Every structure is written in C-alpha cells, then in structure tokens.
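Colleague: Please work from the sequences and hints to get the whole structure.
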Amino acid sequence: MPDQIKAAIQEIKNYPSAIFGICIILSLFSLAVYSVIAIPYQDAITLWRADVGIWDRTPRNARPAWFNWVPGVNLPQNISSSSQSPQAKKEITDLGNGMSRIVIELPFRFDYDGFPKEITLFFDAEYTETRPWVSLVWHTPDGREIDIVEQSIREQERLRISQMEDLRENLFGYRPLIGLFMKPESEPPDVKKGEYKLTVDGLVFEEDAQLDVDIVVYGQLYGAAGTDHRRRSLAVALMWGTPIALAFAFLAAVGSTLTTMFIAAVGVWFGGIIDATIQRITEVNMILPALPIMIMVGILYSRSIWVMLAIIIILGIFSAGIKTYRAVFLQVKEAPYIEAARAYGAGNLRILIKYMIPKVLPMLVPQFVVLIPSFVFLEATLAILGLGDPLLPTWGKVLNDAHQQDALLSGQYYWVLLPAFLLITTGFGFAMVGFALDRIFNPRLKSY
Amino acid sequence: MNKVNIIMKNNPGKNTKVSSALRTHGLNLNFQTQKGIIRAVENVDFELKDGHTTVILGESGCGKSSLARALLRLLPNNTANYDGEVWLGGRNIMEFSDSQFRTQVRWIKISLVPQAAMNSFNPVTKIAKQIAEPLLVHGKVRSKKEAMRKVSEVFDLVGVPQDFIGRYPFEFSGGMQQRAAIAMALVADPDVIIMDEPTSALDLLTQANIMNTLKKIKWETGVTYMLITHDVSTSSELADDIAVMYAAWIVERAEAKDFFDNPLHPYSKMLMDSVPRLHADKTPRSIPGTPPPLYEMQGGCRFAARCPERHNDCDREPPVFEPQPGRKVKCWLYKRN
Amino acid sequence: MNDNPLLSVNNLRTWFELRKWGFFHAGRVKAVDGVSFDVEKGESVAIVGESGCGKSTLARTILQLYQPVSGAIAFKGENISRFSKEKLQSYRAKTGYIQQDPYGALAPFMNVRKILEEPLIIHGVKKSARRRRAVEETLYELNLTPPEEILSKYPHMLSGGQQQRIVIGRARILEPDLIVADEPVSMLDASVRIEILQLLKKVQKTDGVGLIYVTHDLSTVRYFSDKTLVMYAGRIIEQAPVKELISNPLHPYTKALINAIPDPDAVNANSLRKVPSGEAPSLVSPPPGCRFHPRCENCIEGLCDVKLPKDREPISGHKVECWLYE
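Chains as they are written, first to last, in my numbering: chain A, 1 to 448; chain B, 1 to 337; chain C, 1 to 326.
None of the hints are false.
Calculated lysine-lysine pairs in the BS3-like style (CA-CA distance at most 25 Å, straight line): (1) C/K202 - C/K41; (2) C/K114 - C/K94; (3) A/K117 - A/K193; (4) B/K35 - A/K359; (5) A/K354 - C/K87; (6) A/K333 - C/K94; (7) C/K94 - C/K201; (8) C/K94 - A/K354; (9) B/K216 - C/K274; (10) C/K243 - C/K41; (11) A/K333 - C/K20; (12) C/K85 - A/K333; (13) C/K85 - A/K354; (14) C/K243 - B/K282; (15) A/K6 - C/K114; (16) A/K333 - C/K153; (17) A/K6 - C/K153; (18) C/K201 - B/K282; (19) C/K127 - A/K354; (20) A/K354 - A/K323; (21) A/K354 - C/K153; (22) A/K13 - C/K153; (23) A/K323 - C/K20; (24) A/K13 - B/K35; (25) B/K282 - C/K202; (26) A/K354 - C/K126; (27) B/K282 - C/K205; (28) B/K35 - A/K6; (29) A/K359 - C/K153; (30) B/K216 - C/K255; (31) C/K76 - C/K94; (32) B/K282 - C/K255; (33) A/K354 - C/K114; (34) C/K114 - A/K359; (35) B/K35 - C/K153; (36) C/K126 - C/K87; (37) C/K274 - B/K257; (38) C/K114 - A/K333; (39) C/K126 - C/K94.
Everything labelled a hint here was simulated from the structure, so no lab data went into it. These figures come from a predicted structure and were not determined experimentally.
Modeller: In structure tokens form, the structure reads like this:
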C-alpha cells in the first residue's frame, strides 16, 4: 500500500492539471491555517456577530481596497484621524474657575477622485455634570473655513457630519458629504484634493474634564474584500470560511465514504440478513430527499453547522455509495486470494480489514477527493437557503447576505464574486487532483 | 487408436506445389507503453500456404496474438510502429487505406475466431443476426433473407443445430458459442481464417469435437487456417505447417511432420520436450528461465539466455538459415560452413 | 488411530440451492453427489474431470470452504464437521490450498513477505524473527532467490511461475499434512507447467504430505500422481493407479477422455478423432441412472438410463461405476 501511494505521488507529477490543483488546495489550506491563527475562533464569532461598536469605523457596502489598482480609478479609502495621534494638535489653555479651552486640530489628506461615504466624529469626553461645549470648523485646502456646528456634547457623542443637512446653504446647496470636499463652483462637483483640517474648539467646565475626538472619513473602499451592509469586513468571513468549508467537507466526506465502504464490506462479507438489512435501509434512505430533510431540521431544530454535518453523515452513510461499493466488494469477495485467506484460517474481521478494504481503497481515494468540493457546495447551498450556521462566518452566509441585500442589483459585484470565486476555485482544485488520481488508481481509464 | 478415417476430398496438404494464400515480409508491430516500446512483432516473414493450416506456436507474451492483430489491422491506440509487407492475392494490403482495408480485406478476405468467443457476442442480439451482420455490411447479399440462408448454411457446416438460429448468446453453451464464432468467421467465405486459441477455454471432449469440425471444414472448403496457440498437442490435430514464435521473432518454420519428429531450433526442441504426453512414457522437462519482456530486449539472439547450446555467435542476431529444403531456422547452429 | 487414512471422504454431497427472485426454491446444483475416497498419508491423488463436473467443489468442501449437505470427511479419523472452532482452525493449519489463478490468489496490495507471513501471524507465530526465518527458508526451497529481492516485490512484478511458487510456499509454510491443488498449472505457460508440477511433487515427497491434485489435464497426471479419480457430473466414476487407468480404462467416459487427448504428431491431422458428441449434463437435473448414458455408445437401454450403477472393483485396486462391469 505505501508502495502504491509512493507510485501515485510519483505519477501525479505527470499531470500538470493535478499539480495546479494541488497548488490550489495547498493555498486554500494555508489560508485556512493562517485565518485560524490570525483571528482566533472567539474573535471571529464576535466580529461576525457585529456587536455594538465593533464595526463603527468601517464604511457600509464598501468595495475592496484593491479596486484602486485598476488604472484610472482612485476612489477614497477609509481615513481616520485621532486627537491622540502624533499628527493632531491639541492645545489646552486653563481659563481659571476650573474651565479650560481645548483646541484640537485634525489634519488629513484627501487625494481621491471620489467623495467619501460618510463623515463621523467620535467624541470621548470626561466630565461629571456639565457637558463640554465645542465648535467645529472645516478647513479646506484652498483656505476656506466652514463653520459646521456649535453644540454641547455627551460622553460618547457621535456627530454625523454627513447628515447635517442644514450645512447645505454654506456648501453651494450640496449635501455636506459633497459640499465639504468639492471645488467651489465646479459643476458637476469635483473633488478638491489636498490637506484638509478640522478644528475642534472646545470648552470644558470642570477641573478634571477631558476631551478627545476622532474623525473618520468613510471611504468607498475598504480592506481586502470590502464590507457588507452591516459594515463588517468581508475579509473576516471569507478567511474564516476557508477552514470551516474545508473541515466541514473533509469530515462529511470521511463520514460518508469510509463508513459507507466499511458497511458495504460488512454487508457483502456476512451476507444474509445483515446484507439485506443494510440494503433495505439504503433503499429507504435513497428515497428520502436529503436537502428537504436538512431544511426541516434547520427550521425546526438547529441550524448549527455541526448538526448539519451529523445529518449529512448519517444520511450519507446509507447512500447510493453503498450500492456502488457493494458491487465492487461482491467481486472482491469472490477473489481467489480471499478464498485462500479463508483456507489458511483468516477470521472475518481480518478478511474485512486486511483483505477486502485495501483492495477497494484506491478506488475510494479519487472519489473522496472529488467529494470534498461537493460538500463545500452543499454547505454553501444550505447557507444560501438561509440555513447557514447562525454564528460562524461562511462563504455561503456571505452569499446569502449578498442575495438578501440585492448586491448584484446595486452593483456590488464583489460581494457575490469573491465568495463564488473561492467556492469555484475549491471545486476546481479538488476536481483536478481527483480526476488525476482517478486515472492513476484506476488505470483502465488511462489512454496511452 | 480409435480413429475414423474419412475420405479426404480436398486435402491440398498432399499436393506437391501449393501457392501461398498470404505472405508477409518484414512485418513489424510496436506499441508505446509507459515501460517503453514493446516490440510485439518484429521483422516477421512467413507464409500461409493455400488450403494449409499454419500453426503459430508460442508462449503467452511472445507476440502471437499481436501478429493476428497486425494481419487484421486491429491496432490499439498505442501503436507506435506498424510496417512491412503483407501480400494477399497478389497485392500488398499494407498499402491499403484504412477504409479500403475495412471494405476489401477484413472479414471478406481474412476473418478471425477470437480468443474467448463466449465474450465476443453482443448478449442482447440473436447470434444468427450477429453472424449475418458482415454479409449485410459488406453488401455480399441482397436481402436479409439471403443472409439468413447463408447463416443456416454455415451453421450446418460448423455443427450448430438449425433451431439455434433464433437464440440469444446466453442460450448457447461455451462449445456452441465457439462454433458460432467459427461460423461467423466463415460466413463471408474468406480466404484466410485466423484462429486465436480457439479451443483453449473449452473442455477436452468439446475441444476434440470442435477440432474434428475444423478438420471437416478444411477438407470440404479448402480454407486456409492460421491457428495461434500455445498447445502443441492440440495444434497437431490441424497443423500442416508450423511457425514457432519466441519474443516477437519467428524462430522456426517447418512442415508439421518434420517439426514434430525433429525440431531444429533449441527452443523448439525444449518446447517439444516440455509437452506432457499421455500415450508415451516420456517424462516432460521444463524450460528453465523466462522469456525476456518485450520492452527490454537486447541485441543478439533472444533465446540465448535460456539456450543450452549457446556459443559466441549468439551475441549477434541470427539470420534465417535453411538447413533443409522447406525448413527455416533463425539460429546460428545452422550456419553453413 | 494409526490405521486411519489421512483423509477419508465418505458419500459426500455438496449441493447448492438455486433461488428464484432470491426466495423461492428453484432447484439444487448437485455439484458433488455421493463421493467416497481415501487419501493415505503422503499419497498423491489426482482428481480428473472436465469443467463443471464438481471437482473444484469437492476440493473446496474438503477444505471446509463449503459445507456438505450430507456425508462425512474424516481427517486422521476425526470427522471434521464436528470440529470445534479451535480444532477447525488447527485443521486449516494442517491443510494447504493452491488455486488455479496464481495472480488472483495473491493479494495485489501485499508484498511477498506479507503474503507469506499472513498464515504464520494468523496461526500465532508471534516472534517476527521466527516468521522471517520461516519465510526465507520457504523461498530457498522454492528456488526464489535472492530472498531479499523477492520479499519486497508485489505480485504483479513476478512472472506467472514465480507467483505460483509463492502460492505453493504459502500453502506449505505451516507444514501441513494435506495440500489441495486445484488446477495449479492450467493458467501457466506450457514451459512453466512442468516446472511447477515438479516442484509440487518435490514438496509432496520431501514433506511427506498428502496431495490432492485436481485437474482436467490427464496428460500431466501421468507423471505426478499415484492414484487417479475420474469425476463426471458430480460422481467419481472410476479410480485406479494412474498407469493402470491410462493403459486400461474401464469406464466408457474415461476411454473417451483418453482418446480425445492427442500427443503431438503430424498424423493427427489426417483423420478425425472418435469423440462422444453432446455435452456434460446439467448438475441441476442430471439424467437418471448413469449420468454418462446419453453420450455413451455402450448404453444398455432399460438399465443404464434407469438405475445408478454401483461401485465395482473388477480388477484389484481399479474401481469403476458402470453397468458393463456388473
């Protein structure tokens, strides 16, 4: 057996498609390992659950950052600047009576061709009774100063500048998102590139009061894979989807091939009632449609991926595969070497494990490899049908979200294409290796 | 022995001068495999005399079945080299295009009784229909009725009862299927019938019965047989001429009576010595060693490694010598001084 | 105990049920139908018959691969059908089995070492050094040298003759008292056959084992067996020492069989052979009376086609089951 495997490895080098497939599988595998290490399981769950505050500073429905690699495209990235960062200036003047004036200057460069998606200020104020008072001024690169607002702020105040419609009159009638960044008088509005600055002139009325502020100018692009309608970075889901898909498919494939094969072998070897029982169970099970059963379980019991896995394996054990393996084992059972083994006294278990299964194992290897992507697809199918695991980020769930948010209608192709690409690549990689293995292990398919 | 002598109406074996039905010159057939080039038939010269039976004797893997394939141009996909001359009825059929070969030679001039005939019929079509197929395909008959009349004629010839005409292959016993396969080879009146181990899968008595049938057909129709077999004893039932094949070469050619009494090539001698005899008290002796695999053959005589009479010359490939008229041996022992 | 033959088969019947649609009784294949014979210690017995005569079933029944429906097989005087599990296991160690197809008889995924070690492992030879010694000794005796080279090979890397040697080695590695060889050479090349048969004969002589050689080829029996049993349609119709059988066959079937086998001779081509026509009867519904009577030219009407002939011994040591010798 090891000899055969060694020979198979030797021979697989003759199939460039298989080498390519192996490369794909290896990169998927390394991506899976990297994801699990880079984002621990608990973090991944929390990130995906999108708890309050986690995804405040990412844009909604942003495209992947590499969109700008396309020549001639220069869309705004996410920009954030904090009063605690070294670029920012923060001057505190004591005015007596416990009052202080805090002037914060938040500079940032804006060199893009498009307008940002949102502008939000995140204040962090410390006080006991009296709220600090701030006045905000927007400095454009051409030296204009635009007063934005004067108001008191609470501890974790958020000012969504992009939603301040009353600024329009100072901004040539445009929404603040456009008006703040446009060249004056340009029609249609054109971006004024250069150094922008927001000054926050604050008054605090208590001895120990503090004031800090972050500005986030939400870009149209974010991260390696963009973001979804809940501002979650899709990179998290796509990365973590890899180990989940592979583990799920591998376990399902193991569960439904090895066990199936073993049961088929047991049935064939012992025959009689055992064989008949296995056959009847298989036949009943073959009539039962797997997908509706899983949908029912998903609706009525649990959508956990592990419950689904268990159901796939249970339904898969007594699947049509038993009939295929049975046909093969019926031949193997009649092989003279098995009769010889009986004649020199080999017991039932020994014949099953040492004589029958190793003969069929080579047939199983390519099937096993080809089965893996089919389970990856099955998981995705379930998720698209809304039966994805409620906690885990998976490729299918990303697709499900995209579908529900009409991503394709609103031009967010990346949202569909990226998980689809991963799914197809996985299928492709395993299929290429599987077909090559099939030719190696079942030489009858070989054409010279 | 209890043998029944029947009158030999048309036994050309007794004639002195016979023309050749088929003659090859320098025939080669090589296959490409992962292990390398397999030289299955190499530089083969032989002839099938008209109305005679030529037996190709050889062990498994010596290339004798490939020789049949080469004559019928039934080549597998991995054929690497296929050349030489095959003369049939005054024409070199190697020059024929594939479609010419199919319409003018295969089954019309040369037909085949395959090894394991029991598996060579389509199980869901009546055997008689399958036998009539070549007639209809090649337009040898005008109507299906005529074809079936011809089938019933050949059934008589090979000893298949007429009521088998409406039957399916599974209703035929092994012996009957073999007879049907012979009928199929005969149906288009070919000049040459190649038989590849036609009886080796059958029981002794069935085998003897079929041999009787083949003899009768030969005497009645004067057909030329080429019998490919490893079984020396059974081959003697039909043989007029013998060609011994070893590792893709024909190493000896002789008339049957000369060969059985006095084989010349060392391999032929040892082969004859290895035949267990029922009626004579002679202990058979085995041939030590194994034939070289056809994909790693060195220069020199291919039997040299197993030959008890090996000498210095054997490092070079022996030419064909003719030590006695009509006997050809590819062995240095017969070099004329 | 000492007078008991090594193996004594008495009125053995092995039938197989034929079932229609998997349920209904549709008949029985009477593959072995009332067979009796003995094998003495160290004796070589040939069972000759055409395919489908039940000779392989008989061999497998002796090896307890099939259960007989009636009759008894006694091994050294003990009825093997009453064996306990442990005793059956030790019976398996005392019998060796050589099959027809050497390539099929060797597990394709095991190398020679594993193949030869398996019987030892199963029969409790725990020390691997002892196993290795036994395996290497066997290879030497079978002329498969050098052992190191052969041991790591897989069956498909060996020639047919080498494969069959391995099979023989496996059959005798437990030092059995009885070896059953079922057509051991019919799938091998003519030049190798003799070699394998000689090896078998050598093993039988040096180890002093009883050998049952099952074959369709009477011409090989001549040189390798003491006693010959001729089987036809599930019954043994004639038994005699081999030379006696060939020079003086009594049963019409044996006569026909011997007649049908040619020696290589050019004169064979000039005449037809006298062969009984027809084919061997079906084992499901064998003809009544003598099973050979429909093909027999000496058939006595009203007797041969009605009553099964009794076993007679017209010449000492030469038994026949035929009405002609009543």
